[in-house]
Amino acid sequence: MSTKVVGAVRKAFPDEVIGDHAERGDHTVIVKPGRLVEIVRFLHDDPETDMSHFCDLTVVDWPGRESRFEVVIHLHSLAAGHRIRVKTSVPAQSPVVPSITAVYRGADWFEREAFDLYGVRFEGHPDLRRILLWEGFEGHPLRKDYPKQQRQCPVPLLEDRPGQPPPFPERP
Amino acid sequence: MAVGKSPPAGGSLLVTKVEEAIAWARKFSLFQYPFVTACCAMEFMSAMGPMYDLARFGAEAPRWSPRQADLIWVVGTVTNRQAPILRRIYNQMTEPKWVIAFGTCASVGGFYDNYATLQGIDKIIPVDVYIPGCPPRPEQVLDGLMLLMDRIAREKSSRMRALKELA
Amino acid sequence: MNEFAGYLSIFVAILVAVGMAVVLWAASHFLGPKHRTREKLIPYECGNDTEGTYDIRLPIRFFLVAILFLLFDVALAVLYPWVVQYRRMGWEGLLYALPILGVMGLGLFYAIRKGALQWQ
Amino acid sequence: MEKYEEKDLLLGSEPMKLNMGPSHPSTHGTVRVVLQLDGEIVRSSDAQVGFLHRGFEKECESSTWNQVFPYVDRLNYASPLLNEIGYALAVEKLVGVDVTPRCKVLRVILGEMARIADHLVCLAAMSMELGAFTPFLYLVKTRDWIYLVFERVTGQRVMHSFMRIGGMKCDAPDGFKEEVLALLPRIEVTIRDVEALLVKNRIFIDRTVNVGCMTAERALGYGWTGPCLRSTGVDYDVRKAEPYLCYGDVRFDVPVGTNGDNYDRFQVRCEEMRQSMRIIRQAFDMLPPGPVQLDLPDVSFPDKQDVYTSIEGTIRHFMLVMEGGRVPAGEVYSATEAANGELGFYIVSTGGGSPYKMRVRPPCFANIAALSEMIDGGFIADVVPTFGSINMIGGECDR
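Chains as they are written, first to last, in this note's numbering: chain P, 1 to 172; chain C, 173 to 339; chain E, 340 to 459; chain Z, 460 to 858.
Among the hints, erroneous ones may be present.
[To be verified] Calculated pairs, DSS-like style, for lysine-lysine (alpha carbon to alpha carbon, straight line, at most 27 Å):
hint : chain 1 : residue 1 : chain 2 : residue 2
1    : C       : K269      : P       : K148
2    : Z       : K552      : E       : K379
3    : C       : K189      : E       : K379
4    : C       : K269      : E       : K453
5    : P       : K32       : P       : K11
6    : E       : K373      : C       : K269
7    : Z       : K600      : P       : K87
8    : C       : K269      : C       : K295
9    : C       : K269      : E       : K379
10   : P       : K87       : P       : K144
11   : P       : K4        : Z       : K476
12   : Z       : K636      : Z       : K600
13   : P       : K32       : P       : K148
14   : Z       : K699      : Z       : K636
15   : C       : K189      : C       : K295
16   : Z       : K552      : P       : K144
17   : C       : K295      : E       : K453
[What the hints assert, rightly or not] Every beta carbon over 10 Å from chain C, so not counted as near; a handful from chain P, in silico:
hint : residue
18   : E70
19   : V90
20   : D145
21   : Y146
22   : R151
Hint data in this document are derived by calculation from the structure and do not stem from the laboratory. Beta carbons are placed, not taken as given, at the ideal position from N, Cα and C, and that holds for glycine.
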């Protein structure tokens, strides 16, 4: 059934669709970022595809590729029961993708998380700020070039001298 | 007096000195502030629940304001975002106060050794008892509480010490 | 001296009440350690800094509910002697209690009709 | 004297900003709700999550395929087995392999018991936050019985790490069937008692009926799944929509609410526990004999006898532990029905020993996104049951 969905998208946006593949039962369509909102709105409104249920939105970081950040959106149709994966990728210099909160209200928090952990900006998003990390955090930790143990603790640590237990204040 | 433990040094159950009476009173009426965040909450509920009852040790009454609590259970992972909140609540607790680090994540950060997690709450607040385990079994939790109660029994209350120095 | 005998029990009751209050206060004041730090004196808000000022104008509803409670509480205080001895006082006691209960009932009915307890 | 309107009589009042912070009894420790209050009424609210963000994805990217299981356990820590089954199915879909029939049925049985345990925790927390402490004790005691069975099967009460890619660590011990079948009626008694205490209780009804209402199409827009979505009337359940394991062969029905308020979410979870028990009984009837673990050379561990007796077993074990085996390159999205809703795993593999990208689609992250919309306009006391009925679990929401 999903091949029908990919076919419908290809027919509606012939120049937008870069590629599509079906792998292990999941149907994917790769599009240019420019008209992403219209494609998603088409998938939502078209009775044939009828993607009524917003499933997931995330980003995959491919440092080797020219267009580094790949935004992956999973949509799901309750009535027909099929799923589609819409992928679009943006370069590292201008990681900006149009926000689909106008079509799906739930994408709001998923986009804030993608911005928080990967640094991909979603233009048109009502309130794009960090959701999982605190405001003072510098950098986007899930990028492949962010070292895993680079910590930024917002509160001063008791200076723990090596081998010594942390200093206790005067016990009552 | 915990079962199977030797009586505290220099004193039968009928304590004579006022200080040991205070320590004995504090030991058996710990009002707890459950600073619960992560998966250890499941075992904390079991420890508080009817099967491994924490009420037998007098430490069952949860107090949700640091003013009225004298024991803070830090249960589960404390992330870097949660650290200032834990530190603020610890500072707002009134003396005498004790801290129990419940589980490996609270004690040393557990296997979340990355940018997001505080590697052990003793980096920001002094801890009295560390309970290992991910999550620790309720029996371990009760044993940790008994360790704390022994420690309280041996502590001298500074008030009495101050009075002694004055006299 | 014997005419005071009756009042002795009342006197002892008052003494015990005041005594216990003083003993408890003194114990916690003298035995409890006092470390007044800045963080202990700011209000507790689940570990965050408080935002906004404290002297804001609260809605009038709070005041209404407080006043109603005060009114009915004081009116009830009058009924305590009757409530304790209503069996021995029999119908005559009831005759004394009914006007008070009636006035309070009327007041409550008026308050509910007027919507004083409705929050919206 | 002209008639004053009711509105003019009330003196204006300024909104009060209040933090229902992370360390609050009703926010389960990890959500901070910043409320703008007009007296008792919530004018606007901002739910902030992320206080339990422990870097799950970063940890998974630096650990091998089998080392991810303990991390996956700690996502929805109220029902760890359901996360493990979801992750195992995702990797098996990536490897392109199907598990043995006995393992399928055992996974369904253990999964449904974990679902019951999760609903017990949710109902316990929700009723305690409404002041009913007795149901909390009944439900926690019942959950401890389930933990005893889990401990006998998997060796650990809560964090089992019992599933493997291509099967399970070991078979269930003998006497497992009789023990579980003996346990189910006792759980039924507890659910009946708790329902008797709460469902017709005047206070409970006042606090939950028509509180935190959600309509079906707004819920779909938010990406709601699980008991919360079913309470609004949409009967979407991944076990029915895309049957996996042996859910296609067991008969069970999907409880559905009507007006999507806290009361319906409570009722849907109670009814779901009964359906889970029904599934367990049918699953035990069709439990086939046979092995539980497939022998996949690239991914699954050999038997201990082979490891200690034959050199190939030792080498294979060593390579799997050190390099993590080889999972074919590709990407896959696999969804299973966890306790809070559709738990999706989007895994990208570049053929190496560890996953390149391990994305978890957390059901309660989408559910809690609608919290501020549900509590605006209500009383501050309504935030507590609404938050409790969504059953947001910190580990799964913040990962």
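Hint numbers the structure violates, sorted upward? Hints 1, 2, 3, 4, 7, 11, 13, 15, 17, 21, 22 contradicted; others consistent.
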